[in-house]
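Q: All chains, please: the whole structure from these sequences, using the hints.
Chain residues, written in single-letter form:
Number of protein chains: 2
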Amino acid sequence: MHRAIATVSLSGTLRQKLEAIAAAGFDGIELFEADFVNFRGTAAELRRIVADLGLSIDLYQPFRDFEGMPEAQFHRSLERAERKFDLMEAMGAPLVLCCSNTSPLSVNDPARAAAQLHELAERAARRNLRVGFEALAWGRHTSRYAQAWDIVQRADHPHLGLILDSFHTLSLKDDPAGIAAIPGEKIFFVQMADAPLLSMDVLQWARHHRSFPGQGDFDVVGFFEQVLRAGYTGPLSLEIFNDIFRETPNRRTAVDAMRSLLYLESETRERLANGNAPAQPQRVELFNPPPAPALSGLSFIEFAADEASAATLGALLGQLGFRRVGRHRSKAVTLYRQGGIHFIVNAQPDSFARQRFEAHGTSVCALGVRCADPLAAVGRASAMRSQRHDSPVGPNELRVPAIVAPGGNLIHFVPEALGANGLYETDFILEDAGPGDSDAGLTRIDHVALGLALDQLDTWVLFTRAVLGLEPGESLELADPFGLIRSRGVANADRSLRLVLNVSLSQRTRTARTLSVTGGGAVHHIALDCDDIFDTVARLRANGTRFVPISDNYYDDLATRIDVAPELLARMREAGVLFDRSAAGDYLHIYTESFDGGLFFEVAQRVGGYDAYGALNAPARMASQAQQPQQD
Amino acid sequence: MHRAIATVSLSGTLRQKLEAIAAAGFDGIELFEADFVNFRGTAAELRRIVADLGLSIDLYQPFRDFEGMPEAQFHRSLERAERKFDLMEAMGAPLVLCCSNTSPLSVNDPARAAAQLHELAERAARRNLRVGFEALAWGRHTSRYAQAWDIVQRADHPHLGLILDSFHTLSLKDDPAGIAAIPGEKIFFVQMADAPLLSMDVLQWARHHRSFPGQGDFDVVGFFEQVLRAGYTGPLSLEIFNDIFRETPNRRTAVDAMRSLLYLESETRERLANGNAPAQPQRVELFNPPPAPALSGLSFIEFAADEASAATLGALLGQLGFRRVGRHRSKAVTLYRQGGIHFIVNAQPDSFARQRFEAHGTSVCALGVRCADPLAAVGRASAMRSQRHDSPVGPNELRVPAIVAPGGNLIHFVPEALGANGLYETDFILEDAGPGDSDAGLTRIDHVALGLALDQLDTWVLFTRAVLGLEPGESLELADPFGLIRSRGVANADRSLRLVLNVSLSQRTRTARTLSVTGGGAVHHIALDCDDIFDTVARLRANGTRFVPISDNYYDDLATRIDVAPELLARMREAGVLFDRSAAGDYLHIYTESFDGGLFFEVAQRVGGYDAYGALNAPARMASQAQQPQQD
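As they're listed, the protein sequences go chains B and P.
First residue of the first sequence? That's 0 in numbering that gives the first Met the number 0, and the numbers climb one at a time after it.
First residue of the second sequence? That's 0 in numbering that gives the first Met the number 0, and the numbers climb one at a time after it.
Bear in mind the hints are in silico, worked out from the structure with no lab data behind them.
Remember, it's a predicted structure, so these values are computed and weren't measured experimentally.
Just so you know, even glycine gets a beta-carbon here, dropped at the ideal spot from N, CA and C.
Be careful, since some hints might not be right.
Ranges between beta-carbon positions, derived for each pair [said to hold, decoys possible]: (1) Ala569/B with Gln146/P: 39 to 47 Å; (2) Gln146/P with Leu475/B: 27 to 35 Å; (3) Glu473/B with Pro103/P: 12 to 20 Å; (4) Leu52/B with Arg326/P: 55 to 63 Å; (5) Asp216/P with Leu52/B: 44 to 52 Å; (6) Glu81/P with Gly177/B: 51 to 59 Å; (7) Arg63/P with Glu118/B: 55 to 63 Å; (8) Ala569/B with Ala145/P: 40 to 48 Å; (9) Ala537/B with Leu104/P: 34 to 42 Å; (10) Gln354/P with Ala569/B: 53 to 61 Å; (11) Ala569/B with Arg126/P: 22 to 30 Å; (12) Leu104/P with Asp200/B: 53 to 61 Å; (13) Glu118/P with Ala537/B: 38 to 46 Å.
A: Here you go:
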């Protein structure tokens, strides 16, 4: 496919945008008019800059409030169009986007709209330009693609065609199925946008909250499937109005943009291949990466430390019931184990971990995920524009393929074939394999929670979907005493791998302060499962672990909200354990106090098919943490 | 009036909130349930803390999803209510807020709702507690106060009354006039909230975007007038769900909150006094401050500097056509003049200005506004909880009363009786009174634009309304290459005093970077009027002033948007002058390059009754500034 992006989707000056777009591997751009109006150079100069970057200008946009106007306005608009055509000729833009009229002066008369668009197309044809007509979701008389297509058919001019934008169709809950019946060559251009489901005015939604395909809640794959069934062979483009993208460094946004198109193509390719209806003859080549990896849980979590903090962290892990079970063959790296959980503390000088330690203090620097075919997983990641990471490997050590996650931490793909301990038996000199006296009954890693900067949430949602094959859950807003937290879980199908993405909208919450200590994309807590939380908590307290205290009032309130057995309520109250219930099951959990500037642990017990993270209880935890520093 | 505020309106732990509320002079609180659930103390302990702070708990809230339920749920809810009544008794809260049911289980049956509320009130009465019923704007069957009042009348229980919230009425555009007919003693509690007019789901609007009275667009005065006409004598309270208040240090928010109530009372008092309808006998005493001052423009702008930067700034002012006309009698302070504009450069060691210089660099540290009665203006400001500022005064100097604006700059009130130069003749040794050779034809200060942190916009809107008697205009969103800017003008009735409040939603715009250099509430540009912008710009260029260059494409585009005479367009293109047109007149303007980290000047010519600030052209300026550092 010819892949393009509208300049409005990125931050920066026009030149900076073009450089970022070219660097991310796009083929072309949609030029947003305001970017040209404020550009200090001529159309011919822009043409040269764009060409030198290996790009084409595929579309000039938008041309507004044209069709269905009274005669006086119509003639004035034709004049306006001629001036835009002058520019398009000079910059080499072959197509202009004419969006449906929003003016109160416009009349609801498809025949007039068609006649006026015919005249516009005739003017364009004289210069060998083309006009694409698009239904805006908030167009005054034309808001759906079927209406726009009706007008284009009535106008019946070879230089007039249809422009489709997934946002305008999916935001109105319009059915894209009819697109497949439109002749592909009459669709002149396709813009893809995703969006979170929001209850707001569609114009505000469109102008501020669109996102790249795979970052939102729309069925963009279903939309694009219909476009391909129509036989469309033109550019695949992104037109994203997003307040956060306006602020985010544009190189990062451009990489996300390209990843979103590759993901969209590959998902749509799969859907077409699996579809029952006979597809049109394949007229375009869709991106075909290795399949998303089948992951089966976290093999290990690696912490970056120096000698001193490694000792402190080791003592803390001891309190949590972990036992030191190995030393690395060649490096200052220690292995801790409890149940099926492995923690690695890496204090090796001159290592990747040490760089992370120096930048962010004691913090998680890598996750090890188990998978059947690590090389295929890295192949998928590379195809989806993630960077591969190769560490130096010593003698008698395994090479575990790794990639760089957004924010700079590593994700290692650990071969399942190694079994539970194979990796550690090879790389480590194991000291003791049995459970220690301090074992607290922690069995596996339930989830890892990341604290993200506001502009990283969409990046992570797309990364985890496209690269790791995870799927996002519901997006929640939680009240911290000093601001709101947005929280979203992502998990694989069998729930053996769960990540929770937390964003602080405020700079003053603990989540935000953790970020400033440990950098964006930082792990701010690790949740560990157990089979009997009361037994585990008792053992952990005996080991010296301190938990965040929970107000008695929480339990009084809980009893009015949920029908909990009185004896269970009493045990939870005594132990300081929090509780949540869904239709499928229960969640019992408790949080430790923070270690070294932020990181803390959660102990959890899932009962039945409970599939969330006790987010409703996070405010109790955050309020308790906020009360921590002072006597209250 | 008994003044109260809901704890949900402020950030912090419950204890921190209570301390801020008490410090701001409130009489009582609404206790938001989640604040108590997460409070680490008993209800009795809370009662003691609140009493020690001199506060009362006037309301416990909310009690949800009660009325109109099937029998099973109803009995469960009564149990839930008894547990809440236990708490209320222990903490000394006399009244609970029961908001209209949003549950899909509820039935549309006012008689059943009334019977169930009667039973709830009966239970409350046994403990001498009361129940207030409130219509939520998104209640499933009851969303308007008239419906809630109908149910309260049917229930007919002395311990059941109505709770009114301006947000729920005004957000639905419901008419508050009917409130005056409700017996005042059946209104148990009144919550006041303002809000900006937003096109979004009313629940999202209510949960995230309410503001204090005077900060939004609702006619809160008209609402409160009806409440008083009803004969209401209970608490006047604020229940504000606002994302930004959740993040803002709560002492500042609490002062804004108190100011908003004082402003609401005084405005409502005036409206009642001026009303035609015979008011009820005055049953409560409303706040009665000195009237808002009649201001008549800016007398001077004062810059903070040290010796070196004073010289640099002096040279810049020289380029702008200003002439040094005086030295202060006793301080290192210099006076510059052009037309009716006075700039003061204050480099006096150990002065307020020097403190500002050391904190924020060369920057505006004070505005002098002309007014008829400066002492009354300071009295108004003090009554509205602004801090008075007294500077040391030397021999033969005038004492000009001053107050501290949000962010720390000063506003001096200069007596009109002094005439144009009286102040300067007294305090300065004047060197030369005539216009110099470099005079560029600048005549007066058009407006002063402030760069504000996100959490300061509402504070400033309320400050300028309540303390200075200005009125806000439209709120606009403008695109900077690195993020959005929100901009709102405030002005007095005759437009002799105009301020523009700009907020950067992004950290990466020039506006945001100016803030980080010069502190919140900083002046980022000063607009100066002239009578012939082409003549003035030519003279300024001859003096060495450098202006932000504007793209040729801007003028090509302007010609397609607005019908400007070709010769005027050509002159603007040549001079780099920007243009805007309203129905009332035209605005021609141009921006200088930035001085010393941020501050710049605008030169403007207003033609006819143009009443805005050329905001549509701000993106052209911001894009140009963004292209400044690099060759483009």
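Q: Against each hint, give a clear statement of whether it holds in the structure.
A: Hint check results:
| no. | hint | in the structure |
| --- | --- | --- |
| 1 | Ala569/B with Gln146/P: 39 to 47 Å | holds (42 Å) |
| 2 | Gln146/P with Leu475/B: 27 to 35 Å | holds (32 Å) |
| 3 | Glu473/B with Pro103/P: 12 to 20 Å | holds (19 Å) |
| 4 | Leu52/B with Arg326/P: 55 to 63 Å | holds (57 Å) |
| 5 | Asp216/P with Leu52/B: 44 to 52 Å | holds (46 Å) |
| 6 | Glu81/P with Gly177/B: 51 to 59 Å | holds (58 Å) |
| 7 | Arg63/P with Glu118/B: 55 to 63 Å | holds (60 Å) |
| 8 | Ala569/B with Ala145/P: 40 to 48 Å | holds (47 Å) |
| 9 | Ala537/B with Leu104/P: 34 to 42 Å | holds (40 Å) |
| 10 | Gln354/P with Ala569/B: 53 to 61 Å | holds (59 Å) |
| 11 | Ala569/B with Arg126/P: 22 to 30 Å | holds (26 Å) |
| 12 | Leu104/P with Asp200/B: 53 to 61 Å | violated (30 Å) |
| 13 | Glu118/P with Ala537/B: 38 to 46 Å | holds (44 Å) |
Checked against the numbered hints given earlier, this structure breaks only hint 12.
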